[in-house]
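Could you build all of it, start to finish, from the sequences and the hints given here?
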Amino acid sequence: MRRDADVPVDVDVDVVVIGAGQAGLSSAYHLGRAGLDHVVLDHAPRPGGAWQFRWPSLTYGKVHGMHALPGMELTGADPLRPSSQVIGEYFAAYEDRFDLRVRRPVDVSAVREGDVGRLRVETSAGVWSARALINATGTWDRPFWPRYPGQETFCGRQLHTANYPGPREFAGARVIVVGGGTSAVQHLLEIAEVAAETTWVTRRPPVFRDGSFGEAEGRAAVALVDDRVRRGLPPQSVVSVTGLPLNDAVRAGLASGVLDRRPVFDRITPTGVAWVDGSHMDADVILWATGFRADVDHLAPLRLREPGGGIRVEGTRAVRDERIHLVGYGPSASTIGANRAGGAAVREIRRLLGREAAGVPVG
Numbered sequence: 008m009r010r011d012a013d014v015p016v017d018v019d020v021d022v023v024v025i026g027a028g029q030a031g032l033s034s035a036y037h038l039g040r041a042g043l044d045h046v047v048l049d050h051a052p053r054p055g056g057a058w059q060f061r062w063p064s065l066t067y068g069k070v071h072g073m074h075a076l077p078g079m080e081l082t083g084a085d086p087l088r089p090s091s092q093v094i095g096e097y098f099a100a101y102e103d104r105f106d107l108r109v110r111r112p113v114d115v116s117a118v119r120e121g122d123v124g125r126l127r128v129e130t131s132a133g134v135w136s137a138r139a140l141i142n143a144t145g146t147w148d149r150p151f152w153p154r155y156p157g158q159e160t161f162c163g164r165q166l167h168t169a170n171y172p173g174p175r176e177f178a179g180a181r182v183i184v185v186g187g188g189t190s191a192v193q194h195l196l197e198i199a200e201v202a203a204e205t206t207w208v209t210r211r212p213p214v215f216r217d218g219s220f221g222e223a224e225g226r227a228a229v230a231l232v233d234d235r236v237r238r239g240l241p242p243q244s245v246v247s248v249t250g251l252p253l254n255d256a257v258r259a260g261l262a263s264g265v266l267d268r269r270p271v272f273d274r275i276t277p278t279g280v281a282w283v284d285g286s287h288m289d290a291d292v293i294l295w296a297t298g299f300r301a302d303v304d305h306l307a308p309l310r311l312r313e314p315g316g317g318i319r320v321e322g323t324r325a326v327r328d329e330r331i332h333l334v335g336y337g338p339s340a341s342t343i344g345a346n347r348a349g350g351a352a353v354r355e356i357r358r359l360l361g362r363e364a365a366g367v368p369v370g
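Residue 8 is where the sequence shown starts when you use my numbering, and the numbers rise one by one after that.
Treat the hints with caution; some may be incorrect.
[Stated by the list, open to error] No more than 20 Å apart at the CA atoms, straight line, and that leaves these computed lysine to aspartate or glutamate pairs for DMTMM-like: (1) 69 with 80; (2) 69 with 217; (3) 69 with 200; (4) 69 with 85; (5) 69 with 96; (6) 69 with 197; (7) 69 with 255.
No lab work stands behind these hints, which were simulated from the structure alone.
This is the structure in structure tokens:
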């Protein structure tokens, strides 16, 4: 069931969920089962979360670790279809099956302190007043662009993973890919098939992970990310602490030299990039596969950030305001982590609202 975004001002609900990706839909599912009055606000034009914006050559078979939403498996998907289509259709079917209250497109501009202990959620479609809030905005809308001397003088094309169009546009070009993550490796492997030349640069030598990655390794990786958010530091991705998985395509890239890595350059010139030793490489394109940052600027009026730059979180709860839960943030920024965190957030919110009903101050 699709719903338009037209609502009156000052709608009272128990919980507002911001974002309708994996984390937001999981949270909405658990809110519905808990019987809590809620609304899901999504700025995207259609179902699919950030997946709908992925490049066409990222087929479903190449997706790294897609986990089913609670209560409904994703089965029979064609691994050769674009992941944006497969997962977009799956999310749309999920919203319909569980009658989730997704309103789109709705842009949330700010969350502020409201009246009598409630939260005021200001949006392009009106104002909601909530007793608690689940923030599930992810990172896709905040691509990270590093800055280097001379960057503005480059005469070629610069783009980020967030607007990567697939390999065909790089046919015959000299391409430099910057970044040490999975996206950089995927870009390199497919661009190298059509480009005149590719070069991979990273700040640190990449670490490739061979062999199995079991439950114990997963818990250890999540614990490292969790430690950062508990200390109020900006979160790192789980992938950043697990290393890059070796598969047949990556092994072939290493053997062919496509994945030979150079240290990151020191400056950008009009025709390419240069290193401190005086060496220079010409380029037509610089592709920044440099990751994303948490999209939480709309929470700024609540002053949740710590001196270290992040929001300190215990489980999913913001330490500075127990009404705010961040799902898909830090250690829950994976599809299976988002599912579990959505359920955990709703359980805490139920306890919070029960205390509120009993007259215990919250906030």
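Do the hints match the structure? See the list:
1. 69 with 80: 18 Å, holds
2. 69 with 217: 18 Å, holds
3. 69 with 200: 17 Å, holds
4. 69 with 85: 11 Å, holds
5. 69 with 96: 17 Å, holds
6. 69 with 197: Given pair residue 69, residue 197 holds - Cα atoms ~12 Å apart, limit 20 Å.
7. 69 with 255: Answer holds: residue 69 to residue 255 is near 12 Å, not above 20 Å.
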